[in-house]
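These protein sequence lines are chains A and B, in that order.
Quick note on this note's numbering: the first sequence kicks off at 10 and runs consecutively.
Quick note on this note's numbering: the second sequence kicks off at 10 and runs consecutively.
Don't take each hint at face value.
Because identical chains share one entry, a pair is satisfied inside a single copy or across any pair of copies.
Calculated cross-link-like contacts (lysine-lysine; reagent style DSBU-like; alpha-carbon spacing at most 35 Å) [unchecked claim]:
#1 480 x 362
#2 51 x 161
#3 161 x 352
#4 391 x 161
#5 161 x 333
#6 68 x 124
#7 359 x 116
#8 47 x 425
#9 232 x 480
#10 352 x 425
#11 161 x 47
#12 362 x 124
#13 47 x 391
#14 68 x 391
#15 359 x 124
#16 51 x 398
#17 362 x 51
#18 480 x 398
#19 35 x 398
#20 398 x 47
#21 359 x 35
Don't read these hints as lab results, they were simulated from the structure.
Number of protein chains: 2
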Amino acid sequence: MNQVIKISATTLIVLLWGWSPTMAQKTLDETAETRTIKNIYKNMLLESQSHDWLHYLCKNIGGRLGGSPEYAAAVNYTSFILDSIGADSVWTQSVEVPYWRRGEVEKATLINSQKMGNVTLQVAALGFSGGTEGSGITAPIIEVRSFEELQKLSPSQVQGKIIFFNRPMDRARLNTFHAYGAAVGQRTRGPREAAALGAVGAIIRSMTVKYDDVPHSGVTIFKDQTPIPAVGIGLQSADLLSEILAEEPNTRVNLQLSCRHLGMRTAHTVIGEIRGSEFPDEIILVGGHLDSWDIGEGAHDDGAGCVQAMDVLHTYRRLGIQPKRTIRCVLFANEENGMYGAKEYARLAKQNKENHIAAIESDAGGHTPSGFRMDAMAGVAKTSFERVKDWRSIFASLGVWDIQGGGSAADISQLKDQGTVLFGYRPDSQRYFDYHHAETDTWETVHRRELVLGAGAMTALVYLIDNYGIK
Amino acid sequence: MNQVIKISATTLIVLLWGWSPTMAQKTLDETAETRTIKNIYKNMLLESQSHDWLHYLCKNIGGRLGGSPEYAAAVNYTSFILDSIGADSVWTQSVEVPYWRRGEVEKATLINSQKMGNVTLQVAALGFSGGTEGSGITAPIIEVRSFEELQKLSPSQVQGKIIFFNRPMDRARLNTFHAYGAAVGQRTRGPREAAALGAVGAIIRSMTVKYDDVPHSGVTIFKDQTPIPAVGIGLQSADLLSEILAEEPNTRVNLQLSCRHLGMRTAHTVIGEIRGSEFPDEIILVGGHLDSWDIGEGAHDDGAGCVQAMDVLHTYRRLGIQPKRTIRCVLFANEENGMYGAKEYARLAKQNKENHIAAIESDAGGHTPSGFRMDAMAGVAKTSFERVKDWRSIFASLGVWDIQGGGSAADISQLKDQGTVLFGYRPDSQRYFDYHHAETDTWETVHRRELVLGAGAMTALVYLIDNYGIK
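Let the sequences and hints guide you as you build the complete structure.
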């Protein structure tokens with residue numbers, strides 16, 4: 010009885026929604042598709058130029074915060090490549106983004122420790138950090154391990170102090186992204202909560218599980234608070250600072266930062282597409298974000314994702330595969346400092362009534378693929394998840410074993426309320442936070458085969474969505 | 010009816026085989042075991058010393074061919090560590106191994122090319138290569154891409170020549186071990202087949218998929234042939250040589266190698282165990298091979314496997330887990346130059362009627378875990394494979410997703426005919442052949458978390474076998 014009702018309900022929904030050509034789901038030919046996709050992989054392992062493109066982005070351009078001249082150079086370069094590999098059309102979307110610049114000076118010195126004298130601490134200003142003037146600010150330090158500890162301090166304890174958030178990322182977590190998610194709040198909102206209580210500066214233990222003395226940057230958000238100087242500190246420097254404070258709690262730190270918020274600037278999101286032959290209005294987006302932190306080269310974050318997305322288009326062209334749907338490569342502006350590019354892209358997509366059936370973003374590094382995280386609005390999620398389930402064994406034969414619901418990626422999440430099925434590409438996470446937002450995020454740490462296999466996983470997903478639909 | 014017959018048959022087999030305590034299979038409590046194993050992982054990620062042990066092996070000892078003083082130092086060091094972490098007993102097994110030593114000189118020079126003059130080629134002698142005297146040998150080169158091409162040459166074409174085997178490893182294969190397996194024959198038997206036809210030397214394109222100029226060593230086997238000078242050549246040198254030969258086919262190469270076969274020497278396999286409390290005679294072996302090539306530091310091959318096997322025992326001790334069965338760490342002598350240690354170990358196990366129920370070997374590098382390959386003799390395989398199937402979802406929750414039958418690892422394969430269920434530990438393969446048998450196989454290329462997660466996967470498998478049996 011229940012079953013009969015269910016069948017009737019389904020039929021009714023189909024009748025009410027109407028019938029479109031794309032709803033006539035093709036039966037999956039697993040053997041044939043596995044063979045085709047493995048041939049695509051072979052071609053990519055031999056012919057992909059993504060690692061060379063990444064070399065140019067990293068070495069000839071380097072770190073590229075939204076609004077910077079370096080970012081503009083990256084827009085020019087990727088537009089040129091998308092054009093040269095034969096995209097049907099290449100264009101850019103302009104967007105106003107906040108422009109923050111580090112400048113030459115960033116220095117933290119623990120001064121006049123009885124035991125150690127003056128100690129240089131390894132720091133890097135966080136994005137949107139306030140700068141200092143003249144000889145900088147000098148203030149005592151209060152170390153906390155949590156927001157609860159901060160809230161327990163009296164106003165007089167915080168007033169005029171530098172708050173040192175020293176909670177480590179949990180090294181015991183298997184997936185380093187989980188450890189990051191649980192700890193990053195002290196970077197994104199620690200400085201503003203300290204400022205709200207009257208602190209004059211903030212030092213944040215770097216978001217990494219590698220024990221070294223490399224400081225990691227990343228955005229901090231002040232909202233209504235006036236920005237105070239805020240830096241990430243290397244783990245060895247953090248531990249040294251903590252030990253000295255335990256013995257000499259009145260020791261002070263001098264912070265000198267030349268970083269400045271320089272107002273709004275124009276940046277561009279880069280777009281290139283291959284038009285579909287049968288359903289050109291159904292867009293499958295592949296993308297990453299073109300901006301990166303200024304220290305390091307933006308190799309894993311997210312040069313890797315950009316060149317992988319470009320490689321999807323290039324692979325279609327190299328192999329002469331004509332997609333039925335439109336495959337669009339989007340390199341978003343300004344993910345790191347507020348996602349302005351992605352928000353503008355989504356706004357225009359809605360305004361122009363574009364139909365993004367799926368979006369795949371790579372923004373978790375260029376390491377060996379493990380899988381995808383899927384997300385979609387209610388009413389879309391169930392059908393699309395079922396569809397992808399049919400593809401699991403194809404992906405498993407490629408080593409892409411971990412496809413789950415929950416989460417996707419920052420930029421494409423802006424499209425969720427337009428009914429787009431979202432896929433966040435996920436590679437192995439073990440090494441990512443050794444490099445993330447730090448000077449160590451360089452081209453040399455991206456392995457060609459691992460990078461290309463990631464582009465392969467994205468191409469395979471695009472291929473299956475193009476041929477079988479997704480919702 | 011069929012079903013009734015099946016049940017009766019099963020019952021009959023049980024009656025005929027008798028009933029042992031270990032046959033009373035415990036029902037798997039997946040939730041509880043997943044929790045326990047995740048706690049083991051957490052402890053290992055925080056407390057494992059395996060990466061530090063590997064540092065000592067690589068930096069204080071370095072490359073360690075069987076029979077060398079360096080190998081003896083590695084025996085002393087690992088015996089000391091196994092003792093200090095609280096193994097119930099630690100001992101060594103002596104075995105006579107062939108001792109081949111590289112010496113100071115290995116040089117290949119393409120001489121008097123009209124276009125290039127004299128060109129230094131990047132080479133490394135293969136294990137068991139013959140040496141040269143005085144100013145070395147100088148001979149013309151014949152390039153071949155396969156054994157078929159070699160066999161097609163006339164005796165006069167080969168006589169007095171150096172044969173250049175230039176077939177590349179197939180970069181288009183997803184799993185680099187498959188590419189290695191398909192190409193390594195030209196290294197292991199190329200030189201002897203060339204020698205049998207009258208060649209005076211052999212140059213072998215290195216077994217790697219990384220395009221650089223690092224030569225890779227590895228064993229070559231002459232059997233009844235008198236060893237001729239035989240070297241691995243870097244890929245860039247190989248391509249240069251091939252290009253010059255195409256234009257100047259009569260160009261000659263001078264080879265100077267100081268390597269020597271120095272006869273048999275005594276080496277030792279290192280063993281440490283924790284005795285089981287309920288079934289001490291049932292041995293679960295975990296191991297790797299302690300010897301390594303002399304160029305490089307033997308980090309991935311196979312220092313990583315050794316310290317992972319030691320870490321399994323250490324983890325049991327750190328957490329105070331008392332195993333029911335005996336867990337034995339075995340660090341085999343001389344895998345690289347003929348598996349003499351493993352053969353002797355298996356001979357003694359048989360002679361002493363030891364019961365190795367399972368053996369797990371890590372000899373595929375220290376990268377992020379992917380799974381295990383299983384092997385066992387007929388009559389054992391089916392039951393054990395079924396048992397492991399029950400554990401799949403526990404392993405999947407640890408990121409160990411790829412458990413398959415077929416193959417295991419070189420040393421433990423010697424135990425197959427004693428009914429041992431064999432497990433070859435498998436990590437991600439993408440970077441392994443960048444380092445394998447080359448000077449690039451250094452400690453810096455082994456990532457602490459990836460190494461420890463591998464030891465975690467091995468510990469999880471040992472834990473499940475100890476608690477649920479395997480056959």
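Results for each hint:
Taking the closest pair of Cα atoms, residue 480 and residue 362 come within 35 Å of each other only inside a single copy of the chain (18 Å); across copies the shortest separation is 62 Å, beyond that limit. Proximity of residue 51 and residue 161 under a CA criterion of 35 Å is satisfied inter-copy only: 31 Å between copies versus 59 Å inside one chain copy. When the C-alpha separation of residue 161 and residue 352 is checked against a cutoff of 35 Å, the pair qualifies neither within a copy, at 37 Å, nor between copies, at 66 Å. Taking identical chains as interchangeable, the C-alpha atoms of residue 391 and residue 161 are never at most 35 Å apart, the minima being 45 Å within one chain and 62 Å between chains.
For a Cα distance limit of 35 Å, the shortest separation of residue 161 from residue 333 qualifies neither inside one copy, at 60 Å, nor across copies, at 50 Å. Taking CA atoms no more than 35 Å apart as the test, residue 68 paired with residue 124 passes between copies only; the shortest distance there is 33 Å, against 42 Å inside one copy. In the homo-oligomer, the alpha carbons of residue 359 and residue 116 never lie at most 35 Å apart, since the shortest distance is 45 Å inside one protomer and 67 Å across protomers. Within a single copy, residue 47 and residue 425 get their C-alpha atoms as close as 31 Å, and across copies as close as 34 Å, so both meet the 35 Å cut-off.
Neither within a single protomer nor between protomers do residue 232 and residue 480 lie at most 35 Å apart by alpha-carbon distance, with minima of 38 Å and 63 Å respectively. Proximity of residue 352 to residue 425 under the C-alpha cut-off of 35 Å is restricted to the intra-copy arrangement: shortest distance 12 Å within a copy versus 61 Å between copies. Only between protomers do residue 161 and residue 47 lie at most 35 Å apart by alpha-carbon distance; the minimum there is 34 Å, versus 58 Å within a single protomer. When the C-alpha separation of residue 362 and residue 124 is checked against a cutoff of 35 Å, the pair qualifies neither within a copy, at 66 Å, nor between copies, at 64 Å.
Proximity of residue 47 and residue 391 under a CA criterion of 35 Å is satisfied in both settings, with 28 Å inside one chain copy and 31 Å between copies. In the homo-oligomer, the alpha carbons of residue 68 and residue 391 never lie at most 35 Å apart, since the shortest distance is 44 Å inside one protomer and 54 Å across protomers. When the C-alpha separation of residue 359 and residue 124 is checked against a cutoff of 35 Å, the pair qualifies neither within a copy, at 62 Å, nor between copies, at 64 Å. In this assembly of identical chains, residue 51 and residue 398 lie within 35 Å of each other by CA distance both inside one copy and across copies; the values are 24 Å within and 31 Å between.
In the homo-oligomer, the alpha carbons of residue 362 and residue 51 never lie at most 35 Å apart, since the shortest distance is 37 Å inside one protomer and 49 Å across protomers. In this assembly of identical chains, residue 480 and residue 398 lie within 35 Å of each other by CA distance both inside one copy and across copies; the values are 13 Å within and 33 Å between. In this assembly of identical chains, residue 35 and residue 398 lie within 35 Å of each other by CA distance both inside one copy and across copies; the values are 15 Å within and 33 Å between. For a Cα distance limit of 35 Å, the shortest separation of residue 398 from residue 47 qualifies both inside one copy, at 19 Å, and across copies, at 27 Å.
For a Cα distance limit of 35 Å, the shortest separation of residue 359 from residue 35 inside one copy, 29 Å, qualifies, whereas the shortest one across copies, 58 Å, does not.
Violation of the numbered hints given earlier is confined to hints 3, 4, 5, 7, 9, 12, 14, 15 and 17; the remaining hints are satisfied by the structure.
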